[in-house]
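Chemist: Chain by chain, the residues:
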Amino acid sequence: MGEWPLIAGQIFNGFSVASLYVLAALGLALSFGLMRVINMAHGEMLMLGGYLAYLTLQVVPGPLGILAAMPVAFLGAAAVGAVLEATLIKRLSARPLDTLLATWGVSLILQQAARNLFGAIGVDVRAPQWLNHAYTVPSGFLEGLTIPATRLFILAVAFAVMGALSLLLARTRIGLLVRAVNQDRGMAAATGINVRAVDLSVFCLGTGIAGLAGVVLALLGPVTPNVGQSYVVPAFLVVVLGGLGSLKGTAIASLIVGLFSALVQILVDVSLTQVLLLLFVIGFIQFRPQGVVAVRSRALDA
Amino acid sequence: MVMRGMYKPVGLVALLLAATSLSAPVAQAADAVKVGVLQSLTGTMAISEVTVKNAEILAIDEINAGGGVLGKKIEPVVEDGASDPAIFAQKATKLVQDGGVVTVFGGWTSASRKAMLPVFQKLKSLLWYPVQFEGNECSPNIMYSGAQPNQQILPALQWAVEKGYKSYFLIGSDYVFPRTANLILKKHIESSKLKVAGEEYVPLGGTDFSAVIAKVQAAKPDIIFSTLNGDSNVSFFKQMAAAGLPSAKLPVMSFSIGEQEAVAMGPSLVEGSFAAWNYFQSLDTPANKKFVAAYQAKFGAGAAVTDPMVHGYVDVYAWKAAVEKAGSFDPEKVRAAAVTLDYLDTAMGKVKFAANQSLVQTGYIGQLDPTGQFKIIWQSKGTIDPDPYDPLVFPGKKCPAS
Amino acid sequence: MDMSIHRDTPTPLTGAPLSGPMAGPRFSRPVALSLALVAVAALAPWLVSAYELNLLARFLAMGLLAMGLVLVWGQGGVLSLGQGVFFGLGGYAIAMHMKLAALGEGELPDFMVWSGLDALPWWWVPFKSPLVAILGVMLVPGVLAALFSWAVFRRRVGGVYFALITQALALAFATLLVSQQPSTGGFNGLTDFQTLMGVDLGSTAAAHGLYWLTLALVAGAFLGLRLLMNSRYGMLLRAIRDGENRIRFLGYDPTPFKVVAFTIGAVLAGLAGALFTLHAGVVSPALVGVVPSIEMVIWVAVGGRNSLAGAIAGTLAVNLAKDGVSSAFPDLWLYALGLVFVLVVTLLPGGFAGLVGDVADTSWAKRLKSIIVGRSK
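Chains as they are written, first to last, in the working numbering: chain A, 18 to 319; chain B, 7 to 408; chain C, 1372 to 1748.
Please keep in mind that the hints were generated in silico from the structure rather than gathered at the bench.
Hints are not guaranteed to be accurate.
[Unchecked claim] Here are the simulated lysine-lysine pairs, DSBU-like style, with alpha carbons at most 35 Å apart:
#	chain 1	residue 1	chain 2	residue 2
1	C	K1499	B	K192
2	C	K1499	B	K403
3	B	K201	B	K130
4	B	K192	C	K1693
5	B	K79	C	K1693
6	B	K79	B	K356
7	B	K381	B	K339
8	C	K1693	B	K128
9	B	K226	B	K387
10	B	K255	B	K304
11	C	K1499	B	K78
Take the sequences, apply the hints, and build the full model.
Modeler: In structure tokens:
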């Protein structure tokens, strides 16, 4: 096995990591784009998804349990998101920095709640047998290249979620309302759109996607009270890089982060990769402070 | 005649010493003696350290039920190290300086021990440290009951060599213990004319192993030696399985997976992988059966028991034996007595403290079964003397004689 | 468009509960009160036990960092979730010097030896000099902060973006420290210090001296920041916070104002880190990462983001509570910490200092008086 399979493998891994980041960051980017708030408890929505997957698998143990867990986690996390939005974020909507801090408090409480409910050591969620295998290239110059089925599945989920979301935003009435509020909140309100309801539903949608992401993350990682913390900082970087509330931006930014980490890791270890990634992001915003995709260039303070 | 003449002053000195130890600057009830229990109850290390705290408290309760030490009940003062070395140092000072404890049981990470070391040296107190570590340290104020590298890492290598494994891949979390353990392993693997196929580190808590696994697949080792810590293990084993490399295909020897971790990860995920420790819950001795039963009676029927927990538990009993031998709670005398104790029969087998204040103990290799218990498949020939400085890596370094 | 501009503008202080007393710091009576407090605090070595004095000294050192956050966050509207980085840089700068000072000619710190290094890394060498170390405590965080914040602010990246980038900075710095074990001590950090410029750090005299030094620096920083906040610079900084574009239209470039505030905050954090390291006897990556950095913001949020005295009080209160509660009720502590954060930020954005200010406000006092008088009739 020479250099080529390793490089090709890392390019695939870059896409795979990007698909995880897309799923982890989409919800964050959605509500950030619309409401300018960053939900620091977003990582705990991923955690919630993992635990809901665990509970679902207790009820539906078979090979399709993981598929059943996805809608459950989506709805569960969306419900918690609704509570969070209605009780806290609504009150703070004109103070984005304070929202960030208050939701961090929420994340502490949710982590401790998970610890008390499920124990500190985490729970066991396993990929079903039909995902637990890998495809290996038998010959040719990519001989030995291995593609795990689980990672292909997660890629497929990421594409499906992005596809569904862009259809929702582009083709449905709800999507129309969201785009209207996104473009001009004041005008949208003036035409009789219930801006509050749009905020609430987008926030729920965002946390719901995070819950869904939590299920697929559980296939490759642990389900513990503090699992959200390991994904949330890269997800924040994706949002910074991606630009305001653009689906396309989030996807491209995830891909940049994923490929960057995967390819840099061929040469250096993971710790140094994290540092280089941050330097890269700071360097990037020197050239494009508005992110990969700028949706609203007319806004003065965007 | 000569003998008789010598008894008097010796007796007098003993009486004086006893008097000073009683009048030590320690505020306590006449029938109780305070000891500190300092573990992380919050933060990232709480998962592991709370169980050690439980085991230490269990030992204290048992001793109290049996009449205490030197006629005094032990009163544990529990403090939270909060997974932060600076807090460990702060709480150690609090316990010894303001809390009037005669000794402290605690610590887990090397970082916490390193931070507490100057405190115990300055205040001339004694810390009992229960976790396997990277060696390279011997303080007169710390009793190291956890394994030195030559009692855990090297027995594992010895076993692997006996099994005929030729090519080794080293994976670790990025901190002190894995780095030092791998430094030692590399020297020993190379000196045995075997091959180090690769060495990779992932930040503590890291979840992405795609690149590491790609490198493993390229290097094609016979076995992986893993010093990964905590949640990273879950990610590692899940992603190995996803990549078509379950333990059955590529064996993994772990140095940080115990019974508790195995249960949390899902035993079927790690089934068949190996671990090296100085104790397994499955150890078939009357003393261990009694300990496991007592622990589970107090903390739940299914509660897992691990190596560091037993070390914490044994530390308390070793302290009791040393206090009784010294006839005093004075840390200086307890220390002197502890290293001259005979073998104690404990839950982990026969152990005693060597002159360098580390524990003489047996090395075991276990293989995980589907229930999360280890089947003991290998053990060292008798007990192993602790060696804080590996002679191959740090030639000529020795603990200063205390 | 109007509406969205309004929402985009980082104007935390347009809401009703925030106006009034928080517009700027007040003078005279609080200063006198503070001076009296400092005088009492100076007597602490004779009033409390050695352990309690050490605790107080640590928390006061952290208070220095908290006052820096008042300038950066309260006055400048720039939320930094990465103050731990600067705290750590200060701590490591002094710790490196103390490690080197304890060595003989040609020796290396122990962790370097057993990590396989055979020569001192070049960037350690200057820290042999105590002068370089003490300057480094302030200059290293200061220069890094200036470069970093200039690079970000000049591209008009601010608000939430800046907070997230500083958080990533904290994560990256902690990871880097841990991964470069041979030259940083890794996860263990640096510990076991013997002397500082010939003074035995274990002695009582050293403990008292360092405590007074900390207290003096806190008092000095308090007065200095107060002057700064009442100067033209302070006024412009608050104006930028309340409407950056308005200030731009008036012909000012906000970038240098924010860079200066952030740099001063970082220098204070560096000093705090160095003093903390001296008091605690250890500096480690556990003090610089994401979670400790955000906890630093809690201290200030609780005490009052616009009040220097409030920030110190908040730091003392939160840390004393942590010291007491977390051992006895570890679970409860995490719930309480989370809840305090939510409640203070939502209901008391001015922190407890803001509450005190509101109550003391004449209109409030009058209303209270009228209520009491009315009821008693």
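Chemist: Indicate, hint by hint, whether the structure satisfies it.
Modeler: A quick look at each hint next to the structure:
no.	hint	verdict
1	K1499/C x K192/B	33 Å, holds
2	K1499/C x K403/B	26 Å, holds
3	K201/B x K130/B	46 Å, violated
4	K192/B x K1693/C	43 Å, violated
5	K79/B x K1693/C	29 Å, holds
6	K79/B x K356/B	26 Å, holds
7	K381/B x K339/B	40 Å, violated
8	K1693/C x K128/B	25 Å, holds
9	K226/B x K387/B	32 Å, holds
10	K255/B x K304/B	40 Å, violated
11	K1499/C x K78/B	51 Å, violated
Violated hints, listed in ascending order, are 3, 4, 7, 10 and 11; each of the other numbered hints is respected by the structure.
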